[in-house]
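Q: Spelled out, the chains give:
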Amino acid sequence: MTQSSGLDEFFTEGAPVADTKAPVVDHISEMWDKRRFEAKLVNPANRRKLSVIIVGTGLAGASAAATLGEAGYHVTSFCYQDSPRRAHSIAAQGGINAAKNYRNDGDSIYRLFYDTVKGGDYRSRESNVYRLAQTSVEIIDQCVAQGVPFAREYGGLLDNRSFGGVQVSRTFYARGQTGQQLLIGAYQALERQIAAGAVKMHTRHEMLEVVVVDGKARGVVVRDLKTGEISTHLADAVVLASGGYGNVFYLSTNAMGCNVTATWRAHKKGAYFANPCYTQIHPTCIPVSGDYQSKLTLMSESLRNDGRIWVPKAHEDDRDPREIPEDERDYYLERIYPAFGNLVPRDIASRAAKNVCDERRGVGPGGLGVYLDFADAIERMGRATVEAKYGNLFDMYARITGENPYETPMRIYPAVHYTMGGLWVDYDLQSSIPGLFVTGEANFSDHGANRLGASALMQGLADGYFVLPNTINDYLAAGPFTKVDESDPAVLEARQQVEERIAKFLSIKGTRTVDSFHKELGHVMWDYCGMERSEEGLRKAISRIRELKKEFWEDVLVTGEGMELNQSLERAGRVADFLELGELMCIDALHRQESCGGHFRAESQTEEGEALRHDDEFAYVAAWEHGDSGPVLHKEDLVYNYVELKQRSYK
Amino acid sequence: MKINLRVWRQKNPEIDGKMVDYQLDDVSEDMSFLEMLDVLNESLSVSGEEPVAFDHDCREGICGSCGVVINGIAHGPEVTTTCQLHMRSFADGDTIDVEPWRSGSFPVVKDLVVDRSSFDRIIQAGGYVSAPTGTAPDAHATPVPKKDADHAFDAATCIGCGACVAACPNGSAMLFTAAKITHLGLLPQGQPERDSRVIGMVDQHDAEGFGGCTQIGECTAACPKGIPLHTISRLNKDLLGALARGEG
Chain A
-1 MTQSSGLDEF
9 FTEGAPVADT
19 KAPVVDHISE
29 MWDKRRFEAK
39 LVNPANRRKL
49 SVIIVGTGLA
59 GASAAATLGE
69 AGYHVTSFCY
79 QDSPRRAHSI
89 AAQGGINAAK
99 NYRNDGDSIY
109 RLFYDTVKGG
119 DYRSRESNVY
129 RLAQTSVEII
139 DQCVAQGVPF
149 AREYGGLLDN
159 RSFGGVQVSR
169 TFYARGQTGQ
179 QLLIGAYQAL
189 ERQIAAGAVK
199 MHTRHEMLEV
209 VVVDGKARGV
219 VVRDLKTGEI
229 STHLADAVVL
239 ASGGYGNVFY
249 LSTNAMGCNV
259 TATWRAHKKG
269 AYFANPCYTQ
279 IHPTCIPVSG
289 DYQSKLTLMS
299 ESLRNDGRIW
309 VPKAHEDDRD
319 PREIPEDERD
329 YYLERIYPAF
339 GNLVPRDIAS
349 RAAKNVCDER
359 RGVGPGGLGV
369 YLDFADAIER
379 MGRATVEAKY
389 GNLFDMYARI
399 TGENPYETPM
409 RIYPAVHYTM
419 GGLWVDYDLQ
429 SSIPGLFVTG
439 EANFSDHGAN
449 RLGASALMQG
459 LADGYFVLPN
469 TINDYLAAGP
479 FTKVDESDPA
489 VLEARQQVEE
499 RIAKFLSIKG
509 TRTVDSFHKE
519 LGHVMWDYCG
529 MERSEEGLRK
539 AISRIRELKK
549 EFWEDVLVTG
559 EGMELNQSLE
569 RAGRVADFLE
579 LGELMCIDAL
589 HRQESCGGHF
599 RAESQTEEGE
609 ALRHDDEFAY
619 VAAWEHGDSG
629 PVLHKEDLVY
639 NYVELKQRSY
649 K
Chain B
3 MKINLRVWRQ
13 KNPEIDGKMV
23 DYQLDDVSED
33 MSFLEMLDVL
43 NESLSVSGEE
53 PVAFDHDCRE
63 GICGSCGVVI
73 NGIAHGPEVT
83 TTCQLHMRSF
93 ADGDTIDVEP
103 WRSGSFPVVK
113 DLVVDRSSFD
123 RIIQAGGYVS
133 APTGTAPDAH
143 ATPVPKKDAD
153 HAFDAATCIG
163 CGACVAACPN
173 GSAMLFTAAK
183 ITHLGLLPQG
193 QPERDSRVIG
203 MVDQHDAEGF
213 GGCTQIGECT
223 AACPKGIPLH
233 TISRLNKDLL
243 GALARGEG
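Line by line, the protein sequences give chains A and B.
In terms of our numbering, the first sequence opens at residue -1 and continues consecutively.
In terms of our numbering, the second sequence opens at residue 3 and continues consecutively.
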């Protein structure tokens, strides 16, 4: 198994790529200190002469904008929503990890680092993950100081809970709305800087192109979604905090507007896209109910702390779950993984659900669901306690399904939730385009092939509050860079590209709506690049996506005009980019002839059906460069000096 | 089921809008209200008409993007966000009026989309704790009684959707403002700026043209997050105290 086995038609291999920013140290724990010390500083008076553009106002964007504004830089921030407070970080439910060891249960920075590398199935970079674990501690302090109302105990101290994939309680939470509370904290810090004049905010603006001048990222082209006006904004550096690309699957737990356009446009201008096939399929979502379905709703993974997951032992058992006796139920996670039980990592829980459904033991419409049962928890803790802990989630479930989860078990099924892949960045979070930095879900850096629960909020805030503000100075210290003129050919070209694309969408006047293309792409991705991938399926997917892309550019129907609020036009641009991304995801999945984390290749499994990695061949980051004649693969070797590479076991 | 819709259509702020009738013949009761509008929009697009513009994003009831007046009630007949309202709340053959939030301080952008940037400006006027990144003490340095933390959380669940304004006969945004005053005012971290916060935010509220509060309570009845009316009493108390201390 080598990647040259008949895959030459899909890509070529280029020179390896390496992170040159992480300093050489005696022990990994000294690395971040050393980098902060070695990074060039910008004195406060000079910061006023430097400008930074930040795209996106989720945890990673709002925190960076607020912090860089506080530091004295001129910040310009963009979001497509009507307020920065609405970015999709707001929907994260469960919690945020931090190695505080407030529970005195053996936690430490090293253990959080270890758990994250292991949870990522040994496909993340040790240096970045260690720094994430170190920074986690400061995040909680910062958020509490902002007035984030974390859950507390009667003594007034912060409460913690445990989460999938770990054996300590290190997750801080605010009922089932942790993302909302953290984002409101970051949003308020951002609004404070807007009021102070340090940040200029543009809501309802979508970034459609990055401006690269003399090899450096120097600005963006954006469209005002209210008026349709196209404008160019120039700066000394650009930060993309534009989130993940799970909506390539059409149905996902992402917000409807989440898209890949900002990062994809940057990719086409030279930024490497790393590990695009690493997708997280979250095990606890409300199953699909019909064709009209527009999105999937996540039920926090914290439910697995007290809920028990099961299916009937018999095939196609359509009895009322309450009438199925104990001995005819299969609590399959507890059976297969006795050490972790219902708390195995997300990728394992999701695939196990798929397997029992493939065995025709699934429940609900189409047999695509498993039970998540709180009957035992209600008996053990009482209904009031369950309600206090999970009430809002139960209410949401009841509203969506019309069923009462206090009385009948919930039905859950896996859904696309998070994308570990993203733009390649070095230790400074700088992409392969100098001056273009990438934070949060938009980059690839910390979660390897699978993200642990409660780690996305941690990474978004680590990047935005603490990492970027201590690395971007190293780049900006060489500035202010030569002023770029609006009439610079590179600026005019970027703007022209945007205008031509919009004119093209509006001129096709075909017969198929944007949504119909998006839905079809989503089906192809889910069937062939979802929970299980095979060479045969991926080849099929690539050829279908290519046909679909051609059809899209010939037959898409975009209503309305360019110079107005036009949601059909907005979606057309996003779907056009998803079509290109989808193809790269399938090529990445095809080339990675191993199973790791969320990427399960049917051809690479153990006798028990568990994911089988091939560390000798695939212990690298696949960083893809956009090429006119197909993608070019640059490998970054992953070296593990601290965590021993092991086949993951949660048994 | 069959649904008759009457939807507010307005091409842009300069042009007068009007209610337009549409009929949908095959609506499933498991659809969300917004999915029903998606179905309408797909059919409008295919027949070459412009789809209805409406704000929406997370469709989980938490981002606060969506919100329309349904049969005269902000977010419709259930106490929830528009995205979490399902068609099982309606009957076959129903006629449903769909309008944007109605408030002078939320001007219509297009169809059902309104401009709520006034809410951001109210937050800018003091709805924060000044805690620059990196200055925080250890999270356990200041214990917070659970009761206070829980009540602060209850107020902090406001999603900024604007239903309170749409529901209020005075067009007041006092519930939105009071939710933030209460959230931060109950926590030790919010104390140093408590007086300046309430004065600043209320001034901005008034400057945006929102109406005054006369304690009618329509806001809290329409609030998808159940922000209680007594947050407004708390705001009034804080405001009077701050004014008496001469913090204005």
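Just to be clear, a hint being listed does not mean it is correct.
To be verified - Straight-line C-alpha distance at most 20 Å; calculated EDC-like pairs for lysine to aspartate or glutamate:
#1 A:K502 <-> B:E52
#2 A:K224 <-> B:D32
#3 A:K507 <-> B:D240
#4 B:K4 <-> A:D289
#5 A:K502 <-> A:D289
#6 A:K224 <-> B:D117
#7 A:K502 <-> A:E549
Quick caveat, the hints were computed from the structure, so don't treat them as lab data.
Q: Look at each hint and say if it fits the structure.
A: Against the structure, the hints come out as follows:
1. With a CA separation close to 18 Å, the supplied pair K502 (chain A) and E52 (chain B) stays within the 20 Å bound.
2. Our distance criterion of 20 Å between C-alpha atoms is broken by K224 (chain A) and D32 (chain B), whose separation comes to about 32 Å.
3. Taking the CA atoms of K507 (chain A) and D240 (chain B), the gap is near 58 Å; set against the 20 Å cutoff, the hint is violated.
4. Our distance criterion of 20 Å between C-alpha atoms is met by K4 (chain B) and D289 (chain A), whose separation comes to about 18 Å.
5. Of the pairs offered as hints, the one joining K502 (chain A) and D289 (chain A) is violated, with about 30 Å between alpha carbons and a cut-off of 20 Å exceeded.
6. Restraint check for K224 (chain A) and D117 (chain B): the C-alpha separation of about 10 Å stays at or below 20 Å, so the hint holds.
7. Between K502 (chain A) and E549 (chain A) the CA atoms are separated by roughly 14 Å; this keeps the pair inside 20 Å, and the hint holds.
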